[in-house]
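Enquirer: Going by my numbering, the residue at position 119 of the sequence shown is 113; the numbering climbs one at a time, nothing skipped.
What the hints contain is simulated information worked out from the structure, not anything from laboratory work. Incorrect hints may have been included.
Stated by the list, open to error - Straight line, CA to CA, 25 Å or less: simulated PhoX-like cross-link-like pairs of lysine-lysine:
hint, residue 1, residue 2
1, 79, 124
2, 421, 192
3, 79, -3
4, 862, 882
5, 619, 423
6, 810, 780
7, 906, 946
8, 1019, 897
Unchecked claim - Pair ranges (Cβ atoms, derived):
hint, residue 1, residue 2, range
9, 777, 898, 24 to 32 Å
10, 364, 27, 27 to 35 Å
11, 461, 432, 52 to 60 Å
12, 294, 127, 32 to 40 Å
Don't be surprised by glycine CBs; every beta carbon is placed ideally from N, CA and C.
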Amino acid sequence: MLKNPLNMPKTEAPLYLKTLGFSDGEKALHNLTLLKETLFKDHIEKLINPILSAPSPDDALNNMERIVSRLSIKAINAFIADMEKLKNLITICGASNLLSNTIVTNLIYAEQLLLEEGLYKKKDITLFLKELEMEAQNFSNISSAATALRLYKQREYLRIGARDILGLASMQETTLELSDLASACLETAYRFCLKQLKAEYGTPLYTDMDWVERESEFVIIGMGKLGGRELNFSSDIDIIYIYSSDKGETAGIARGGTIKGKVSLHTFYVRLSEMITRLIGSVTEDGMVFRVDLNLRPEGKGGDLANSLRSAEIYYESWGQTWERAAIIKARPVAGSMELGEAFLKMVEPFVYRKYLDFTAIEEIRGMKEKIDLSLLRATPDAIDVKLGIGGIREVEFFIQAIQLTNGGKDKSIREKNSLRAIELLKQKNYISEQDASVMSNAYIFLRNLEHRIQIVEGRQTQKIPAKAVELERLARLLGFKDTPEMKAAAYFWDEYKKQTAGVHEIYDNLFYQHSKEIEKDVSEEALLILSDDIEQEDVIARLSKAGFREPQRVYENLKLLKEGPAFVRFPVRAKMLLKRITPFLLTQIIASPAPDMALGNLERFISSIGGMTTFYSLLAENRKVMELLVKLFSTSEFLSRAFIEHPENLDALLSPELNIPFKDKGALLEKASAMLESAQDYEAGLDIIRRFRNSEILRIGINDIFGELDPIAVSKQITYLADTCLIKAYEMGVEELEKRFGRPGCDAKFAIIALGKLGGEEILYSSDLDIIFIYSVGGETSGPKIISNHEFFAKLGQRIITTLSVATKEGFAFKVDTRLRPSGSSGPLVASEEAFIKYHKETAQMWEKQAMLKARLAAGNADFGAKILAAAEELVYAAPLTDDDLKELYRIRRRMEIEIAKEASGKYNIKLGRGGLVDVEFAVQLLQLKFGKQKKALRKCNTIDAMNALKDIDIISKTDYEILMNAYRFYRLLENRIRIVQNRTESYIIKDSPELLELAKRIDYKGIDAGKRLLDDYLNHTVKIRELYQKILGLYTAT
-5 MLKNPLNMPK TEAPLYLKTL GFSDGEKALH NLTLLKETLF KDHIEKLINP ILSAPSPDDA
55 LNNMERIVSR LSIKAINAFI ADMEKLKNLI TICGASNLLS NTIVTNLIYA EQLLLEEGLY
115 KKKDITLFLK ELEMEAQNFS NISSAATALR LYKQREYLRI GARDILGLAS MQETTLELSD
175 LASACLETAY RFCLKQLKAE YGTPLYTDMD WVERESEFVI IGMGKLGGRE LNFSSDIDII
235 YIYSSDKGET AGIARGGTIK GKVSLHTFYV RLSEMITRLI GSVTEDGMVF RVDLNLRPEG
295 KGGDLANSLR SAEIYYESWG QTWERAAIIK ARPVAGSMEL GEAFLKMVEP FVYRKYLDFT
355 AIEEIRGMKE KIDLSLLRAT PDAIDVKLGI GGIREVEFFI QAIQLTNGGK DKSIREKNSL
415 RAIELLKQKN YISEQDASVM SNAYIFLRNL EHRIQIVEGR QTQKIPAKAV ELERLARLLG
475 FKDTPEMKAA AYFWDEYKKQ TAGVHEIYDN LFYQHSKEIE KDVSEEALLI LSDDIEQEDV
535 IARLSKAGFR EPQRVYENLK LLKEGPAFVR FPVRAKMLLK RITPFLLTQI IASPAPDMAL
595 GNLERFISSI GGMTTFYSLL AENRKVMELL VKLFSTSEFL SRAFIEHPEN LDALLSPELN
655 IPFKDKGALL EKASAMLESA QDYEAGLDII RRFRNSEILR IGINDIFGEL DPIAVSKQIT
715 YLADTCLIKA YEMGVEELEK RFGRPGCDAK FAIIALGKLG GEEILYSSDL DIIFIYSVGG
775 ETSGPKIISN HEFFAKLGQR IITTLSVATK EGFAFKVDTR LRPSGSSGPL VASEEAFIKY
835 HKETAQMWEK QAMLKARLAA GNADFGAKIL AAAEELVYAA PLTDDDLKEL YRIRRRMEIE
895 IAKEASGKYN IKLGRGGLVD VEFAVQLLQL KFGKQKKALR KCNTIDAMNA LKDIDIISKT
955 DYEILMNAYR FYRLLENRIR IVQNRTESYI IKDSPELLEL AKRIDYKGID AGKRLLDDYL
1015 NHTVKIRELY QKILGLYTAT
């Protein structure tokens, strides 16, 4: 049981107090003696336990004495009567001399806060503004405004600080209230200063783009922790002042019959900015409201205090740096015109968030942090800085900002100003793991609480952990750590601090350094020797030959580009350094690839294409997997290589998690396309988005094709779904554009896009044209404003769809469109009515057109009307039996294709059109469909494989003939696919003994030096069997 030190001999009491936990027994005894002179004289024992439990018993006792000696009798009695409230006061006294001093000089604050339940009240920006508006009614001049704002801030700091210390508010709530308090003070200061300046200079006016004079606006942009609504107790407030325009002046003030006081808008707003800065930031006898830091403004300390929106835009476009991009992530309008603030944020968005993945951010932020580390080491090598030190707050923030700057251009959902919310979003979008998110969030909360506790003791702007044992012990207790028989609170604190910061630094290090370490580790010695400047040319060429290069002399010349960068282009030093860093790894991967010459040649063209654009080298340097995948593509697919050489920005796609989705249904593709098109501000922007969508999906399909995740049949399905999706979106865009001008077509007319050919059969290849026809239901006129016929409307719609897909923009084109299968071909109208379509096919259509309709399928447009057209087409195709003349015509058409178009010669074979080739399979199947389709509706299939399966299932062909057809068809489709994607050729030729044939054979798993010969033998065996079967089927049914 505790003894009352005041009842002990004066020589024993100080020693006893020291054993209890006071560091200065004499002073503690003195303060207890003074308390005995107050109404607490009979309650000294009641005080000692809570005081000893305070973070600093010495300060708790000392500050209690100072406060109690000034409190009213009523207040003292209230504290004596309520032990909980008394403990709260003692805790505050032992935790913060800053807050204790505020109470000493403003006793009414303590009574309002602690005795009147003020502790339990949270405030938001609305309430702060309302209270300050009441205060502002008493502002008579700048001096009274300054005093009122400072006293209000002190009162609110006491409330917010006390809630924080007593555990009544989370770190997030505390930082939010501090930030909203700062915003409200800035808004109040802005309103007061603007009113003062308007009285002197008149209303600021500017001329807008329409030459209309308007009142100019002004906004205060919060940056850093203020922008993120995460201020701490001793934060500066980082702000930027922005106004509408330089084009104008103030209206002036009428005095003595003349207008005086006119000044330029720039002068007016600079003075307004100076006035606000002084009102908030200058030190008076009441202290300051907040320290104001304007160094983040354009041009920093040397720049104008206030900038027009346009001058800020010019600065960021021309001279903005990566650290400014990182700073603006947190930018938020906090006072003044919110509309102008949003305009500022929209203006800087392209500067902050680049269109494509931007890994230069990682490189530059890493450099910024290394400079911080070096400056800390030089300034205070033994001090531990919670904010800037290893594993500290800045590493959390830099980690977040690096990912946001890298990916935020493409993913708007991660553009978050608040650190904790940003971590959560990065986790949700799979940029970081759940484990890393947990480590970062927990550490951030711990470190920010630690920062608060360091600062709230004396109100000093520091983030350094105190070195003195007594101060460290107080800090540990403030954070909730307790002494135990085994360890002091400070020791527990150090264990936790090391654990939290180690977790942060490991994650930070993985992002900023791990990629470089991995790349260096896996570079081969051979690659380093080949790139060495110390080896003679002859030795390098010999090594290149041994490494598998077929043309080592040419490769030697290409290596110069890898070592020095492309010739005749500006090549920045950083780009050269990055290229030098990644070249050994790239060469290691190339040597290990299946076609080193092809890989290096494509890499050389790729580097020539990107020139000195540092962004792309940074992306590669920070992503080992991208380099591995790029070399794989460069060594296996000319088609995909070309996609990267012509559009280097496609590198982004190699980081997309969508690459892990080999097959997407049409619904998923439509959902993605629709989401991307939501950002299109006009038709032209929509064209580029459709092309980016198509390009990203073709890359996904192609990469999964190369890696064996999709077979050729599935590849065609995927490209078909992609084409259908693009047609649907082109149709929707066209309708939307045309209806704005012409209104809706009359008579409730409908429209359908019918796919034919390979598109109809869901069998298209890379680079295939889309065979389509356009059909509408009925005539009539549009509703206006401009009235045209339905036919004219749908003709414009058809043309708009073709343009939407086929016209070349900076992103290329989506698909080429072929409409020659429409009624009357190229000489007929682009669109046909339902009536004209049916009449043509009943009366005029030739046999080949009837055959083409076997592939008819609805690709886009009105589903019900499309189904009606398909039903009509089916009836037209299968209504009349196939005659001998029809069969002869089919034979004539096939023969003409073989002779006039296939153009086979000795040793040169056309896989598609040649003798026994792909078209023989298709003609054989289609002949049987036309012959039996009237009675056997199961044969009415658009897809060749589906039709073959149906022919087998209903016993029209034998199992043997089915296998001959199916095996050959799949083999031909594989060859076609590989010729397109590997060699990037649209013509389907193979040539005996050619290097291309050998390369093609290797890509479809033929082994050995005779791989090409064996592939050709297999091909010729298939053609013999197919031609025999084709002739058998044709002869069999001609005879009948």
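Enquirer: Does each hint fit the structure? Answer for all of them.
Expert: Hint-by-hint comparison with the structure:
With a C-alpha separation of about 28 Å, the suggested pair residue 79 and residue 124 falls outside the 25 Å cut-off, and the hint is violated. Distance restraint check for residue 421 and residue 192: the Cα-Cα separation of roughly 49 Å exceeds the 25 Å cut-off, and the hinted pair is therefore not satisfied. Between residue 79 and residue -3 the alpha-carbon distance is near 24 Å, which keeps this suggested pair within the 25 Å criterion. Restraint check for residue 862 and residue 882: the C-alpha separation of about 31 Å exceeds 25 Å, so the hint is violated.
About 20 Å separates the Cα atoms of residue 619 and residue 423, which keeps this hinted pair within 25 Å; it holds. For the hint pairing residue 810 with residue 780, the CA-to-CA distance comes to about 31 Å; that exceeds 25 Å, so the pair is violated. A threshold of 25 Å between alpha carbons decides the hint, and for residue 906 with residue 946 the separation of about 23 Å falls inside it, so the pair holds. With a C-alpha separation of about 21 Å, the suggested pair residue 1019 and residue 897 falls inside the 25 Å cut-off, and the hint holds.
The hint said 24 to 32 Å for the Cβ distance between residue 777 and residue 898, and at roughly 57 Å that hint is violated. In this structure, residue 364 and residue 27 break the distance hint of 27 to 35 Å, their C-beta atoms being roughly 56 Å apart. In this structure the supplied range 52 to 60 Å is violated for residue 461 paired with residue 432, their Cβ-Cβ distance being about 31 Å. At about 34 Å, the CB distance of residue 294 to residue 127 agrees with the hint of 32 to 40 Å.
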